[in-house]
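*Asks:* What follows is each chain in one-letter form.
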Amino acid sequence: MTSKLFPILAVLTAIFLAYAFYLAMFIAPTDALQGDVYRIIYYHVPSAWTAFLLFFINFVASVQFLANAKPSTKRVVNWIVIVVGIIGFIAPFFPQVKAQLPTGMYPSSVATTALIIVGLYFLVGKLFPGQKLDMLALTAAEVGVVFCTVVLVTGPIWARPVWGIWWAPGDIRLTSTLVLWLIYVSYLVLRRFSDSAQTQKLAAVLAVFGALDVPQVYFSIWFFRTQHPQPVIGGGGSIDPRMLHVLLLSWMAFLCFASLICWSRYNLERLRREVDEAEALESLNGSGLPAGSNASTRIPVSRSTK
Amino acid sequence: MSFWSITLATLAKDIRLEWRSKDALNAMLFFSLLVVVIFVFSFDPLAEESRHIVGGLVWVAFLFAAVVALNQTWARELRNQVLDGYRVSPAPATALFLAKVLGNFIFVSVLEALMAPLFVIFYNLHVLGPAWQLIPVALLGTWALVVNGTFFAAMSLRTRSRELMLPLLLFPVSIPAVLGMVAATTNILTGENSAHFYIVLLLTYDVVFTTACLGLFETVLQAE
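Each protein sequence line maps, in turn, to chains A and B.
Under my numbering, the residue at position 188 of the first sequence is numbered 188, and the numbers go up by one with no gaps.
Under my numbering, the residue at position 178 of the second sequence is numbered 178, and the numbers go up by one with no gaps.
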C-alpha cells in the first residue's frame, strides 16, 4: 500500500507547494516598507516553524525512549508530564502570569498549547513503541536540521537588503536558532560516529541536553535588544490578513512536504535496520545451523522487502 | 560505604594518580601557554582594547585546555577494565561521576590560577570593576565547563575517534555558559556594567546541568 500511496501524495504535495509559491510570489500584497524582498518570509517562517516542530518531536521521542528503560521511570516521567501540562494549562489564567505574556498572546492559547504538548507526548509514545521511538527521533532530527539550514540561509539573504547586515551577532532569535542547529548537527555527528548498540540511548541523552540548553541561550542574551521582527502570531505584530492567509497556507504546504520526507526517511531507516538484523541472524545461523534449516527462517522474507 | 566516602575515595585516587604522573596538568599547562602565546602574537592590543577582548581570550584558552584534561578522565579507567569494575560494583554511579567532576574541577582551577597571571602580564591588565567578582565567575564558569565535559567525555568513550568527539559534543551545549563567562569577565574588567546578571545565569546553568548530568549518568555508564 505504501508504495502506491507515496507517489500520489508526492504529486499532491508538489502541486500544493507550487500553489503556495504562486500565492507567495504573485497574489500576496507587496509590503509597504520592504517591497518585494519581504516575500522570502513565505519560505523563511514556514521552514522555521517546521524545524522547531521537528526538533520538538525529536525531544519528545528522546524523552519517551529514555523513560522506557524501566517501568518505574516511565511512570514517574508520565506523571511529571501530566503535572507540567496541568500547571501549563492553569498558570496562564493567573493575573501575575497573565501580565508576563506578550501582548496579543491570549492565556487560552497558551493553555491549549500546554494541552497539545501533553497530548503529543502520549500520542508519540502510543504510535511509536520501543525501537520505533528512536527511528522517529533520528528522522525528526535529520529533517529538522535541513529545514533549520533553510532558515539560517534565507535569514541573512533577507537581512542584507533590509537591515544592511548579513547577521546581527548577539540577537536573541538568530543566536538561539544557530545554537539549536549546532546542537542537532552534533547530535547527528554522534549518531554517525558511535557504532555501539547503545548509540540510541546516548543520542537521546544528548537531545535532552540540547533541549535544556536552548532556554539558557535565550536568557543569556536577554539583555540584547532583538532586531528580528516580532513573531507573526501572538507577538503583537500586525500583519495584513491576506499575508497571514498566504503564510499559513505556505506553512501547510511545507508541513506536507516535511511529513513526506520524514515518512520516506523513516521507511528507509526501518528497512536498513531490518537488513542489519537479517544479516546478523544470517551470520548466526550460517555458523551454527546446517544449511537446510535456513529455509524455515524468515530471513529471505525480510530481505525481499528491500 | 556511604555515598560521600565512595566519592572521596575515588577523588583521592584520582588526585594521587595525577600527583604522581602529572600527565593531565602538564599537558594542560603547556597547551594553554601555547594558546596564550599565539593570542599574543595574533593580537597586539592597547591596554584599553585588551580589557574588552581578554575576557573572550581567557575563556577560549581555558576551554581548549580543559578538553585536554577531560579527554584523559575516562580513558585512564579503560586500562585493565577498571570501568567494567565500576559498572558491576554496587557503588552508585553518581558518586563516581561526582568524584570525577571534582577532580577535574581541581585540576582546571589550578591551571586557571597559574595561567591568570600570565594574561595579566602579557596584556597589561588593570581591572576597573570589582575584581573580587572574578572569583565566583571563575568558579562557576569552571564548574559549568567541567560538569558537562566530564559527562560528555564518558559519552564519547563509546564512539570512534573519541578524542575528536568530546569538543564536538561539548562546545554546542556550552555556548550559553561561555557567553555568560565572557560577558561577566568583560563587564568586571571594564567596569562598565554590572556582572550580577551573568553570575546568576551561570549559577542557573550549573544547577540545571549538574542535575541533568547526575540524573542521566547511570544511563551513560551502563551503555555498552
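Hints in this document: simulated from the structure, not taken from any laboratory.
Just so you know, not all the hints are guaranteed correct.
[What the hints assert, rightly or not] Facing chain A, a subset of chain B residues (Cβ under 8 Å, in silico):
| hint | residue |
| --- | --- |
| 1 | 121 |
| 2 | 125 |
| 3 | 161 |
| 4 | 168 |
[Said to hold, decoys possible] Covered stretches of chain B (chain A as the covering partner; in silico rule of three or more C-beta atoms under 8 Å from a C-beta of chain A):
| hint | region |
| --- | --- |
| 5 | 75-85 |
| 6 | 207-220 |
Note that the structure is a prediction, hence the values are computed from the model and not measured.
Just so it is clear, CB atoms sit at the ideal spot from N, CA and C, and this is done for glycine as well.
*Asks:* All hints, please: hold or fail.
*Replies:* Hints, verified against the model:
1. 121: Where the cut-off is 8 Å and the nearest Cβ of chain A is about 30 Å from residue 121 (chain B), the hint is violated.
2. 125: Status violated, d = 24 Å.
3. 161: 7 Å, holds
4. 168: 5 Å, holds
5. 75-85: Contact hint for the region 75-85 of chain B vs chain A: violated, 0 residues under 8 Å.
6. 207-220: holds (count 6)
Violated hints, listed in ascending order, are 1, 2, 5; each of the other numbered hints is respected by the structure.
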